[in-house]
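Student: Below are the chains, spelled out letter by letter.
Protein chains: 2
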Amino acid sequence: MDKDAGRVENLKPNYKLWLEQDGQYVFGLGAYNILKSIHNTGTITEGAKTLGMSYRYAWGVIRKIELTLNVKLLETYKGGNVGGGGARVTEHGLKLMDMFDGARTAVDKVFRKGP
Amino acid sequence: MDKDAGRVENLKPNYKLWLEQDGQYVFGLGAYNILKSIHNTGTITEGAKTLGMSYRYAWGVIRKIELTLNVKLLETYKGGNVGGGGARVTEHGLKLMDMFDGARTAVDKVFRKGP
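Chains as they are written, first to last, in the numbering used here: chain A, 36 to 150; chain B, 36 to 150.
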């Protein structure tokens, strides 16, 4: 049974990371990607579309976190005479993104350090 | 909406960690705890009982990993004249435990470093 035992050493660590409050999941990769996509595209519609999500789903994910934390993560504004408008990630939203990405980068660094 | 905004900063990172092979989950906290408990108690029965699991469940978790990796993680042996016998974690099993625990300790260290 041991001829393939090298496989044990070939296993690689992987992980899932999230931010929590009092032991409850609040903010993970899904929400991070939604905020980032809205930040990049400037609208909830385009941000959701880029990720293959509906506006309703993407906004629901963010809205739930806003209610949990009691802070706004997105600000929407009306457009000019071409019917534009869009969404901005707030300072709180950017802070959450930074916290998540900082933790993720730190963990990735640990795992890349291996032989 | 911003009076509780300090909550964003109060969020704490948490994570789930596992070892994988070709992108497939192989070994996580559950299996680690089972091997550790068997290692400590010296039998599958007692090891499972300590964790509130049935022998069948605990052994099933480990057996599945053995089949995936094609290595033995446990060796069982017959007892003496008092009807003993027991189980030992093999070198491969100990190696898996070390890999998991090493990765976990490294990640914990990253998160403890924060302010």
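Worth flagging that the hints you see were computed from the coordinates, not collected in a lab. Some clues are possibly wrong.
A pair counts as met if it fits within one copy or between any two copies, since identical chains are not told apart.
[As the list claims (entries may be wrong)] Straight-line distance between alpha carbons at most 20 Å, and here's what the computed DMTMM-like set of lysine to aspartate or glutamate pairs gives:
1) K51 - E126
2) K47 - D143
3) K130 - E44
4) K144 - E110
5) K51 - D143
6) K107 - D143
7) K84 - D133
8) K47 - E101
9) K99 - E110
10) K113 - E55
11) K99 - D143
Student: Now look at each hint and say whether the structure bears it out.
Tutor: Checked hints:
Neither within a single protomer nor between protomers do K51 and E126 lie at most 20 Å apart by alpha-carbon distance, with minima of 25 Å and 28 Å respectively. When the C-alpha separation of K47 and D143 is checked against a cutoff of 20 Å, the pair qualifies both within a copy, at 12 Å, and between copies, at 18 Å. For a Cα distance limit of 20 Å, the shortest separation of K130 from E44 across copies, 8 Å, qualifies, whereas the shortest one inside one copy, 38 Å, does not. For the homomeric pair K144 and E110, neither the shortest alpha-carbon distance inside one copy (33 Å) nor that between copies (36 Å) is at most 20 Å.
In this assembly of identical chains, K51 and D143 lie within 20 Å of each other by CA distance both inside one copy and across copies; the values are 11 Å within and 14 Å between. In this homomeric assembly, K107 and D143 never come within 20 Å of each other (Cα to Cα): the closest approach is 29 Å inside a single copy and 30 Å across copies. Taking the shortest alpha-carbon separations for K84 and D133, neither the intra-copy value of 23 Å nor the inter-copy value of 43 Å comes in at or below 20 Å. Taking the shortest alpha-carbon separations for K47 and E101, only the inter-copy value of 17 Å comes in at or below 20 Å, while the best intra-copy value is 35 Å.
In this assembly of identical chains, the alpha carbons of K99 and E110 lie at most 20 Å apart only when taken from the same copy (15 Å versus 49 Å across copies). In this assembly of identical chains, the alpha carbons of K113 and E55 never lie at most 20 Å apart, being 33 Å within a copy and 47 Å across copies at closest. Proximity of K99 and D143 under a CA criterion of 20 Å is satisfied in neither setting, with 28 Å inside one chain copy and 28 Å between copies.
Checked against the numbered hints listed earlier, the structure breaks hints 1, 4, 6, 7, 10 and 11; every other hint is satisfied.
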